[in-house]
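On the provided structure of chain A, position chain B with the ligands as indicated by the hints.
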Amino acid sequence: MDLYDKDVVSIRDFSKDQIEGILDLSQKMVPYALGDKTRRILDGKILGNLFFEPSTRTKLSFESAAYRLGCDVIDVSEMSMTSISKGETLADTIKMVDAYCDLIVLRHPYEGAARLAAKFSINPVINAGDGAGSHPTQTLLDLFTMREAKGTLDGLNIVLVGDLKYGRTVHSLADALTMFGAKITLVAPESLQMPDDIVSHLEEKGCHPRKTAVLEDVIDQADVLYVTRIQRERFPDPSEYNKVAGTYRIDNAILREAKNDMIVMHPLPRVGEIAPEVDGTQHARYFKQAFNGVPVRMALLSAILGGEMRCRRIRQ
Amino acid sequence: MQTNQTVKEIKLAPIRNGTVIDHIACGQALNVMKILGVSENNIDSCISIGIHVPSTKESKWKDLIKIEDRELDSATVDKIALIAPDATISIIRDYYVAEKYTVHLDDHVSGLARCSNPNCITNKGEPVAPEFTVVSRHPIQLRCCYCDRILTNVSDNLL
Ligand SMILES: Nc1ncnc2c1ncn2[C@@H]1O[C@H](COP(=O)(O)OP(=O)(O)OP(=O)(O)O)[C@@H](O)[C@H]1O
Ligand SMILES: [Mg+2]
Ligand SMILES: [Zn+2]
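Going down the list, the protein sequences come from chains A and B.
Quick note: the first sequence uses this note's numbering, first residue 1, plus one each step.
Quick note: the second sequence uses this note's numbering, first residue 1001, plus one each step.
Okay, chain B solo, but in the shape it has when bound:
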């Protein structure tokens, strides 16, 4: 098992400095990429993406992303928590894991996503940030604090 694990991890090249986002809910890697907002214009380091990679955790499969030479700010990490609540963030310095934590989703979410109800007052140019209450974590379900609707399609409504 141990050797097997090592073989799997080697599938994505090790990085010297940067960030590893591991244990992303299967199928969400590309949405996490959207949150990272990287494009050929604003990055000149290497990014590797693993999609549908075997996981040792109960979910069996996961996605993961390794980005060289970048550390994530807290707003970015909070958004990742909205679509990948079990993701771990490892900061790699000189090939070693210097810091590691699991993303955290508060019971109350403010300003990270917009409400999917087009008739919601928060989508009408009012001076307020959209706010949600987390009603379920697996799968993630957010209820709008204004219109009371469950947010459908979190990844399409991230701000």
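Isolated chain A, as found in the complex:
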């Protein structure tokens, strides 16, 4: 249960209980994340943001989460660029940054970078995305957003739409949703469907996702519509891209088929997957989802650096 001094590398490292514990703690963090209350439990601690790839959202929300808890932040991203150009190994960079802070948040272009960093760092490491690998804090905030909107994850009908092949967030999200008994529908053109090894992994865990290319066929049963970006680079032929991107554009017309309380999520940034007219509807949750990055990351920081989840069982 306790996450004190633990690394956060992959969502697979967490038990269902641990995830629930983090989501509960995240809920408690909301008023502090909004600035309505203050709680400087990490006063005197230093977080090192080590980003080898640009990422506005993730980096900012870690900074915001840290400051809300009174934790200082050093941005060592500049240094990471110089270490790469000097040919320094990640292992060496990590050992050095480790000496300057109490926790490292790492974004890196290569898969497995966070696991390696955790091995060389004495202080805990949080994976903020490693190449096409995993991005566990995104998964946690996605789960939090769904649970917050629906009260539970059990039995929810989740429709994942877009690039299910390369999108790193949907793979670990599907994995985690399975743990919570959600029903999953995969909507994508054949060329961007979820890879077989991931689907069979879901099946082993008792989830039998439904696959289709036609969103209209399934949208009326959805509780959550999780939209991902379809990247232009994946298509050698631009006209093919335009066709696919156009097919899954979410607008008010297609939402007429949806349940009233169906929510639309998107990890952002969006590039035309969701029409701006959707923003004002009761369905839109993607900006709330982006905000939720703060309480969820606050929960992780306070559990890892402050031992917040330690006495949970005793207190209950």
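Hints are computed from structural coordinates only; laboratory data are not their basis.
Beta carbons are placed, not taken as given, at the ideal position from N, Cα and C, and that holds for glycine.
Take these hints with a grain of salt, some might be off.
[Said to hold, decoys possible] With the Cβ distance kept under 7 Å, some of the chain B side facing chain A (calculated, not the full set): (1) S1116; (2) C1120; (3) E1126; (4) P1127; (5) Y1146.
[As the list claims (entries may be wrong)] Result set (DSS-like, lysine-lysine): computed pairs, CA atoms no more than 25 Å apart in a straight line: (6) A:K205 x A:K165; (7) A:K119 x B:K1124; (8) A:K119 x A:K150; (9) A:K28 x A:K45; (10) A:K86 x A:K6; (11) A:K16 x A:K28; (12) A:K86 x B:K1124; (13) A:K95 x B:K1124; (14) A:K165 x A:K183.
Positioned in the frame of chain A, the structure of chain B with the ligands alone reads:
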């Protein structure tokens, strides 16, 4: 049946001293040869290879290799286990089987193969050995402990 068996075994000449690698998964003999790393420059004894030889075991067919005057070190045997998990190693001394054991594959494999994901951090010059968890033995499936990918094509990625 017994005579039949004897006839089959005679297909490869007996050796006085050396090693027999038997019950190699069918089709893997040449990959085992790669692991043994023998070439005309570094060996001056005889090697016989049996490919697609009838087997008395449930697999029906197997490959086998007999090498004269050589015994295998443990790293070599561990690599063989990665592509032929049921192989037996018999050390022959003076025509008799002096020692015999089945290769053993641990649940955790370190430093024997590289990850097949080119974007994996273990392929980027970092000071770590690639590590894998064995997720299945028949067929062999290894999962990279760093990037979480299943290693495709073990025999092409042996170190
Ligand atoms: N002098 C030898 N020269 C070459 N090969 C030999 C010699 N003695 C034994 N072998 C081979 O070594 C292997 C192990 O010998 P063993 O007598 O244990 O075989 P086996 O009874 O067929 O056992 P298994 O169940 O492993 O097939 C066999 O493949 C056998 O053919
Ligand atoms: Mg035999
Ligand atoms: Zn790997």
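Each hint, compared with the structure:
no., hint, result
1, S1116, "violated, 12 Å"
2, C1120, "holds, 5 Å"
3, E1126, "holds, 5 Å"
4, P1127, "holds, 5 Å"
5, Y1146, "holds, 3 Å"
6, A:K205 x A:K165, "holds, 20 Å"
7, A:K119 x B:K1124, "holds, 16 Å"
8, A:K119 x A:K150, "violated, 38 Å"
9, A:K28 x A:K45, "holds, 21 Å"
10, A:K86 x A:K6, "violated, 31 Å"
11, A:K16 x A:K28, "holds, 19 Å"
12, A:K86 x B:K1124, "holds, 14 Å"
13, A:K95 x B:K1124, "holds, 17 Å"
14, A:K165 x A:K183, "holds, 19 Å"
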